[in-house]
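Listed in order, the protein sequences are those of chains A and B. Read in order, the letters of the first sequence are residues 1 to 492 in my numbering. Read in order, the letters of the second sequence are residues 1001 to 1100 in my numbering.
Hints may be right or wrong, so weigh each one.
[Claimed, not checked] The list that follows gives simulated cross-link-like pairs (lysine-lysine, BS3-like), each with its CA atoms no further than 25 Å apart: (1) A:LYS420 x B:LYS1088; (2) A:LYS420 x B:LYS1045; (3) A:LYS72 x A:LYS12; (4) B:LYS1041 x A:LYS420; (5) A:LYS100 x B:LYS1087; (6) B:LYS1045 x A:LYS100; (7) A:LYS12 x A:LYS56; (8) B:LYS1030 x A:LYS420; (9) A:LYS62 x A:LYS45; (10) A:LYS73 x A:LYS301; (11) B:LYS1041 x A:LYS100; (12) B:LYS1029 x A:LYS100; (13) A:LYS283 x A:LYS420; (14) A:LYS271 x B:LYS1045.
[Claimed, not checked] Anything over 12 Å on all C-beta distances counts as not near chain B; from chain A, calculated: (15) LYS19; (16) ASN47; (17) ALA255.
Honestly, the hints are just simulated from the structure, not real lab data. C-beta atoms are modelled at their ideal positions from N, C-alpha and C, and glycine is treated no differently.
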Amino acid sequence: MEAEINDGLFYKSAAELEKLLNSGEISSVELTKKMIDRTKAIDGKLNAFISFDEEKTLDEAKESDARRKVGKKLSPIDGIPVGIKDVISECGQPLTCGSKMLEGYIAPYDATVIGRMRDAGCVLWGRINMDEFAMGSSNENSHYGPVANPWDTTRVPGGSSGGSAAAVASGEAVLALGSDTGGSVRQPAAFCGIVGLKPSYGAVSRYGLVAFASSLDQIGQLGRSSEDVATLFQVISGHDENDSSSYNFEKKDYAAEVRNFQRKKTIGVPKEFFGDGLDSEVKSAVEDAISFYENAGHKIKDVHLEMTEYAMAAYYIIATAEASANLARFDGIRYGYRSNAAQNAVDIYYRTRGEGFGAEVKRRIMLGTFVLSSENFESHYLRAQKVRTLIRRDFMRVFDDVDALITPVTPTTAFKIGEKTSDPLQMYLADIYTVPINLAGFCGLSVPCGFSSGGLPIGMQVIGKPFHEHEILALGNEFERAHEFKNMHPAL
Amino acid sequence: MESDKNSKHSMDIDRVAMLARIHFSDGEKKELARNFDSILKFLGKLLEVNVDGVEPSAHAVPLYNVMRGDESGETLPRELALGNAPKKRDNQIIVPKVVE
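Given only the sequences and the hints, what does the whole structure look like? Please build it.
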């Protein structure tokens, strides 16, 4: 029996593991130990983890087992190891943001989401690799080395939450937290063949999430099923007075809503997401998924989001402008890296930032500073803010007639490591289908919907109205139940 | 529509680097100039959009001026707050001399 449980253990869902924990067939300590051992064995190939504190992690698992023994389980994911993207503060643990700038930094407090996961009994499992300060689409911008895609280790896992996606896809973690500013949860989820949710702006507190672009950032959830993702979303979402952009919306019982997919919906298909540049295999996999929903009794409707072609330009102005302001705090004075080359007080800023930030982060700070400078403010920044209004209006209008939209997540499957590093603009375009959702503040779910002829995962994006995560998670679950994709795993 | 002369499709790297407080090597500056050439052209696409009479949106959630009560709460203990300072002494951060 033991062998049978262990064989498939790494790919069991949180829901299945909960049953095993409840019945006593396995303990949280056993489960966590196995995750740690697996990570030690295979992460040399993937580099999904920047660091982990084995003793602390096992202590949390022990506490969970003690609770369960006396019938005081805190939540359905009590005792489940959840990976933490290294951009979210966990008190007493390193917080590098994938940057040399924060090498050696120890977080002095918990993010709100971490506090809520503690209250739910989760095992906080490791500090997960990412593009530096969450800027990137391939996880090649980490000071701690690139992450490899578990399906083909010569390819990227996507970014910026590439480590989170690789860890979940390879069975190193059951679930993981990521962050999504323009696609950083959904795009790596698609490249790695797992489920990733970008919640509506305001649904999850950003307190303790190191800021990239504050008006777009959301903490997202990655897992191997929509149901698992719903359970983690349930735990961490909801209003928080420590984040003034957090919205006091009506929470649902997400796990229950997800299982109840009887209500037939109207699903919109925006033509602008299926044009030039979309790989034919990705296109046909997403179209097959749309046919599945149609055959299941949902109504499919062609819609138009005319502003889509302007979303990337608006995004790169708004996101870099906000990043240039947010990253001004890294000055070498109060925390983090300080250059030894600085000769005087002012030079500390220039040298520290020149040495401490990587190329892509500096590029974006420069771009953001440029668009905010007085001569470009109106022509670039203010104009981009107005275009954002138009993009949001587009979405609101379309959602008058539909409950959800289905699109591809990415124009292609995972590309080769090194393929796009010399051309930042080409790299930016990897997020062309995910960025508009952040600008509009809607929610989006990446769901595995096929494989390319080369054996690489393909994802579809299910987009929902703000604070209607339950609807897209239910659609994701309905698709997963009828397909085998969630039971397909990379050979490592 | 705003006139095209306001929109710059090239960047004065030295000036922006000064504003951003980042030191770059000459090699890095060359690379940036090459990158920004194509990136700024791409961003110029927004000039096609008619934004007359459109209000800018700072974010996507209908929340404005969120305030909390002016009550003191818990703060980080000094030791923790200074825990990550690169150089410190006697509960203070050490920096190079500011006034010569």
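Right, here's what the structure says about each hint:
1. A:LYS420 x B:LYS1088: violated (42 Å)
2. A:LYS420 x B:LYS1045: The given pair, whose Cα atoms are some 22 Å apart, holds under the 25 Å limit.
3. A:LYS72 x A:LYS12: Given that 25 Å is the threshold and the Cα spacing comes to 23 Å, the pair holds.
4. B:LYS1041 x A:LYS420: holds (19 Å)
5. A:LYS100 x B:LYS1087: holds (17 Å)
6. B:LYS1045 x A:LYS100: violated (35 Å)
7. A:LYS12 x A:LYS56: Holds: A:LYS12 and A:LYS56 sit about 24 Å apart, inside 25 Å.
8. B:LYS1030 x A:LYS420: holds (19 Å)
9. A:LYS62 x A:LYS45: violated (29 Å)
10. A:LYS73 x A:LYS301: violated (44 Å)
11. B:LYS1041 x A:LYS100: Since the Cα atoms of B:LYS1041 and A:LYS100 sit roughly 31 Å apart, the hinted pair is violated (cutoff 25 Å).
12. B:LYS1029 x A:LYS100: Satisfied, since the Cα-Cα distance of roughly 21 Å is no more than 25 Å.
13. A:LYS283 x A:LYS420: holds (22 Å)
14. A:LYS271 x B:LYS1045: holds (20 Å)
15. LYS19: Holds: least Cβ distance 38 Å, greater than 12 Å.
16. ASN47: The assertion about A:ASN47 holds, with a minimum of 25 Å to chain B.
17. ALA255: Non-interface label stands for A:ALA255: nearest chain B Cβ at 25 Å, farther than 12 Å.
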